[in-house]
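Number of protein chains: 2
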Amino acid sequence: MTSPAQQPSPQLFFQTINAYQRSEALKAAIELEVFTAIGEGNSTAADIAKRCNASERGIRILCDFLCIMGFLTKDGDRYSLTPDSAMFLDSRSPAYLGGAIEFIASSDLTDAFKNFADAVRKGGTTRPDGGTVAPENPIWVKFARGMAPMMALPAQLVAKLVDPSADKKLKILDVAAGHGLYGLAFAKNNPQASVVALDWPRVLDVARENAANAGVTDRYSTIEGSAFEADFGTGYDVILLTNFLHHFDPPTNETLLRKVHAALADGGRAVTLEFVPNEDRISPPDAAAFSVMMLGSTTSGDAYTFPELDRMFANAGFSHSELHQLPPTIEQVVISQK
Amino acid sequence: MTSPAQQPSPQLFFQTINAYQRSEALKAAIELEVFTAIGEGNSTAADIAKRCNASERGIRILCDFLCIMGFLTKDGDRYSLTPDSAMFLDSRSPAYLGGAIEFIASSDLTDAFKNFADAVRKGGTTRPDGGTVAPENPIWVKFARGMAPMMALPAQLVAKLVDPSADKKLKILDVAAGHGLYGLAFAKNNPQASVVALDWPRVLDVARENAANAGVTDRYSTIEGSAFEADFGTGYDVILLTNFLHHFDPPTNETLLRKVHAALADGGRAVTLEFVPNEDRISPPDAAAFSVMMLGSTTSGDAYTFPELDRMFANAGFSHSELHQLPPTIEQVVISQK
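Residue numbers (the working numbering), protein chains in the order written: chain A, 9 to 346; chain B, 9 to 346.
What the hints contain is simulated information worked out from the structure, not anything from laboratory work.
Any given hint could turn out to be false.
Identical chains share a label here; the pair holds if one copy fits it or two copies do between them.
Claimed, not checked - Straight-line alpha carbon distances no greater than 20 Å define the calculated DMTMM-like cross-link-like pairs of lysine to aspartate or glutamate that follow:
id, residue 1, residue 2
1, K82, E287
2, K58, D126
3, K130, E41
4, K267, E232
5, K130, E39
6, K82, D294
7, K82, D92
8, K122, E110
9, K196, E217
10, K58, E41
My request is simple: use the sequences and hints to build the entire structure.
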C-alpha cells in the first residue's frame with residue numbers, strides 16, 4: 009500500500025478514497041452467495057453466475073476483485089476459495105459469519121460515517137440519541153444475531169483463560185450479554201458454572217435461544233435492562249465486560265465499574281474483552297483503528313489503552329489489573345481483581 | 009492484510025467490510041484541511057483541532073487513523089506529513105489533489121456502489137442513462153476541475169514518450185479532453201504542436217481555462233460535442249484517447265476507433281492511456297481493480313487487457329499497437345499506428 013521510496017505517488021490516496029468499493033463488493037458477494045457457490049464446486053464465472061442468478065460479466069469482475077482483495081484465488085479462468093473464505097464466508101460452514109453484515113454493514117452503523125467531518129468537529133457521533141448506545145436500540149438485536157459466529161472462538165478462549173481448571177463452582181454475570189456467547193462459553197467449559205445474562209429484553213431473546221442450543225438453560229438466567237440501572241445482585245466470581253467499555257467515556261465506565269466491584273464476591277474478578285491499542289494509539293493497527301468506529305458511532309466511546317483501563321479499574325476500587333493477549337484474535341483481555 | 013499461515017481468521021473480512029470508513033476518514037481530513045494544518049506547523053491534536061475548528065478528541069482519533077492508513081507519522085503526540093501527503097494533500101502544494109474528492113468521492117460515483125449486488129446481477133450500472141457516460145453528465149465538469157492535479161505528471165510523461173524530439177509540427181486531437189491536460193502537455197512540450205480538444209461544452213470551459221493558464225491559447229482550438237457524433241476533421245498526427253475507452257464495450261470502441269483511424273494522417277498514431285490489467289485480470293492490483301469502477305458506474309465499460317485493446321485497434325484498421333509502461337503511474341500507454 010505504500011509508494012516506492014523517493015517517488016511521490018497519489019496511489020495511497022486513490023486506493024483509500026475508493027476503499028468503500030471494497031466494502032460494497034464484499035457485501036455484494038455475500039448477498040449473492042458467491043462464496044457458497046464456489047464452495048459448492050462452481051468455479052468459472054459462467055457457472056457461478058448461473059448459481060447466483062447474476063450476469064457472467066458482473067460475476068467475472070466481482071470475482072477478479074475478490075481475488076485482488078485476497079478472498080479468492082484464480083487459476084486460469086477458475087476461482088477457488090481461500091481457507092479463510094471457506095471457513096467464514098461459505099454459508100454451509102458452521103463458522104459462517106456472512107450474517108454479520110446485517111450488523112456491521114447496516115445503515116445504523118454506516119450512516120454514522122457519512123459526513124464524518126461533522127463527527128470530527130463535534131468529537132462524537134452525529135447520530136441521534138448518542139448513536140448506537142441509545143436505550144433499546146434495535147441494532148443490538150442485529151448485533152446479537154449477526155456477530156455470534158465471529159465471537160465463538162474468542163468466547164472459548166476467554167473461558168479457558170479465566171477458568172482453566174473448570175472444576176469449581178463459578179457464578180458469572182455477563183453484562184450486556186448480546187448473543188450471550190461469552191457467558192455460554194463459561195457454562196460449556198465448566199459444568200459447575202452458572203450464568204446471569206444482562207441486556208435489553210429483545211436482545212436477551214437471542215441469548216436465551218443460544219443457551220437452549222447449548223443445552224445449559226438450567227444454569228442460565230437473565231436480568232432485563234440497562235447495565236447502568238439494573239440491580240446486578242451480588243456474590244459473583246466473574247463479571248464479564250465484553251466489548252462494552254469502549255462505548256463510554258472513562259467517568260461513565262468508572263461509575264459502572266464501582267457497581268461491578270460491589271457485585272463481585274471477595275476474590276472475584278472482572279473480565280474485560282477489548283480492542284486495546286498500545287500507548288502510541290496507532291498500533292496494533294486493527295485494535296487502534298477501532299477508535300474511529302467509536303468516534304463515528306458513539307458520543308464519547310474510545311479504544312482504551314491498558315493504562316487507561318487500569319486506571320478506571322483502580323479508581324473503581326479494584327486491587328490490580330492484568331493484560332492478556334488472546335491470539336489469534338485482535339482483542340485483548342483485562343482481568344481485574346477485586 | 010492477510011492472516012498468519014494456518015490460523016483461520018476473520019480479520020480480512022472485518023477490515024474489508026469496514027474499509028468504507030477509510031474513504032470517509034480521508035475525505036473528512038481533506039474537508040477539514042488537516043493535512044494543510046499540519047503542513048503549516050501544527051503538530052499536536054490540540055493545535056490541529058484549533059486550526060481546523062474541530063474537537064481535539066475528534067482530531068486525535070482521526071489523525072491516529074491517518075497514521076494507521078499511512079498518510080501521517082506520529083512521534084510522541086506530534087503528527088507529521090508523509091512526503092506523499094505533503095505533496096498531494098497539503099492545499100498549499102502545487103500538486104494538491106484534494107479537489108479530486110469533488111469527483112472521485114462525489115455521490116455521482118459513490119451512489120453507483122450502493123446495492124452493488126444489483127449491478128453484479130445486471131452486469132452494469134444501475135444508475136439511470138448509462139451512468140457516468142450519459143450525455144453532458146455534469147460529473148465530467150467535476151472531473152475536469154478535480155482530477156487535473158492528478159493528471160499533470162502522467163500528461164507530461166505521455167507527451168515525452170510520444171513526442172521525445174519535440175522538433176516537428178504536430179497536429180493533435182484530444183478526444184474527451186476533460187481538463188485538457190494531456191493535449192496541453194504536448195503543446196507545452198513542443199512549440200510546433202497544435203491541439204484540438206473535443207468534449208461537452210461545459211467541460212471545454214475548463215480545458216480552455218487551462219490552455220490560457222499554460223499560455224498556448226493560440227495553438228488551442230475546440231470541438232464541442234460527443235466523440236461518437238462530432239466531426240473530427242482530418243490530418244492529425246496524434247489522436248489522444250486518455251481514460252476514455254474503458255467506459256464502453258469493444259464494439260462501441262471499434263466504431264470510435266474507425267473514426268479515429270479515418271481522422272489520422274498517414275503515419276499518424278492513436279495514443280491511448282488506460283488501466284491495463286495483465287491477462288489474468290487480477291494483476292497489477294490497482295489497474296485490475298479499475299474494472300469494478302466501470303461495473304458500478306457504466307453500462308458496459310471495463311479495464312481492458314492489452315490483447316483486447318490490440319484487437320479493437322486491429323479491427324478498426326490500425327496496423328499495429330505497442331504497450332508502454334508509464335512509471336510511476338499505474339496506467340499504461342498503447343500507441344497504435346495507422
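Evaluated hints:
For a Cα distance limit of 20 Å, the shortest separation of K82 from E287 across copies, 12 Å, qualifies, whereas the shortest one inside one copy, 41 Å, does not. For a Cα distance limit of 20 Å, the shortest separation of K58 from D126 across copies, 15 Å, qualifies, whereas the shortest one inside one copy, 44 Å, does not. In this homomeric assembly, K130 and E41 come within 20 Å of each other (Cα to Cα) only across copies, at 16 Å, whereas the closest approach inside a single copy is 39 Å. Only within a single protomer do K267 and E232 lie at most 20 Å apart by alpha-carbon distance; the minimum there is 16 Å, versus 73 Å between protomers.
Proximity of K130 to E39 under the C-alpha cut-off of 20 Å is restricted to the inter-copy arrangement: shortest distance 14 Å between copies versus 35 Å within a copy. Taking the closest pair of Cα atoms, K82 and D294 come within 20 Å of each other only across two copies (17 Å); inside a single copy the shortest separation is 28 Å, beyond that limit. In this assembly of identical chains, K82 and D92 lie within 20 Å of each other by CA distance solely inside one copy; the values are 15 Å within and 33 Å between copies. Taking CA atoms no more than 20 Å apart as the test, K122 paired with E110 passes in both settings, with 18 Å inside one copy and 15 Å between copies.
Taking the shortest Cα distances, K196 and E217 sit within 20 Å of each other inside one copy (15 Å), while across copies they are farther apart (72 Å). When the C-alpha separation of K58 and E41 is checked against a cutoff of 20 Å, the pair qualifies only within one copy, where the shortest distance is 12 Å, while the shortest distance between copies is 48 Å.
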